[in-house]
Amino acid sequence: MEAFAERLRDAVAFGAYIDGEIIGLSVFKQEDGPKDAHKAHLSGVFVEPEQRGRGVAGMLLRAVIDYGREHVEQIMLTVAEGNEAAINLYQRSARCPAPLQSPRRSAGRQSK
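For the sequence shown, the positions run 1221 to 1332 when our numbering is used.
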């Protein structure tokens, strides 16, 4: 848990809430150092299962992209092979290149 918390120390998180309860989360993490500061990672989009299919994931993804436009040139993401819901979301909402690369299906997106 400490390693995960350390990775997110300088991250920006976006949440979706219903009646004060968090139902979704997306995380933006900018690379460190002058060589890579123009890049960031989308560290995932999660929506509670009972809230899926309502556009929440798309809104969370859009929040990361909009934030990224002001801070970086490229947003990268990684999708586990077989996670078709995430692949479809990213291709539809972020206009990622298709097909995504295997085996972990990585893609970069220019944010500007």
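Hints listed in this document are in silico derivations from the structure and should not be mistaken for laboratory results. Note that the Cβ used here is the ideal one computed from N, Cα and C, for glycine as well. One or more of the hints may lead you astray.
What the hints assert, rightly or not - Label-pair ranges, simulated between beta-carbon atoms:
(1) 1240 with 1298: 28 to 34 Å
(2) 1303 with 1275: 16 to 22 Å
(3) 1222 with 1266: 17 to 23 Å
(4) 1253 with 1278: 28 to 34 Å
(5) 1290 with 1235: 16 to 22 Å
(6) 1279 with 1253: 17 to 23 Å
Hint check:
For residue 1240 paired with residue 1298, a C-beta distance near 31 Å keeps the hint of 28 to 34 Å intact. Here the CB-CB span from residue 1303 to residue 1275 is close to 18 Å, well matched to the stated 16 to 22 Å. With their beta carbons about 20 Å apart, residue 1222 and residue 1266 fall inside the hinted range of 17 to 23 Å. Separated by about 32 Å at the C-beta atoms, residue 1253 and residue 1278 satisfy the suggested range of 28 to 34 Å.
Our hint of 16 to 22 Å for residue 1290 and residue 1235 holds, since their Cβ atoms are close to 19 Å apart. As the Cβ distance of residue 1279 to residue 1253 is approximately 31 Å, the hint placing it in 17 to 23 Å is violated.
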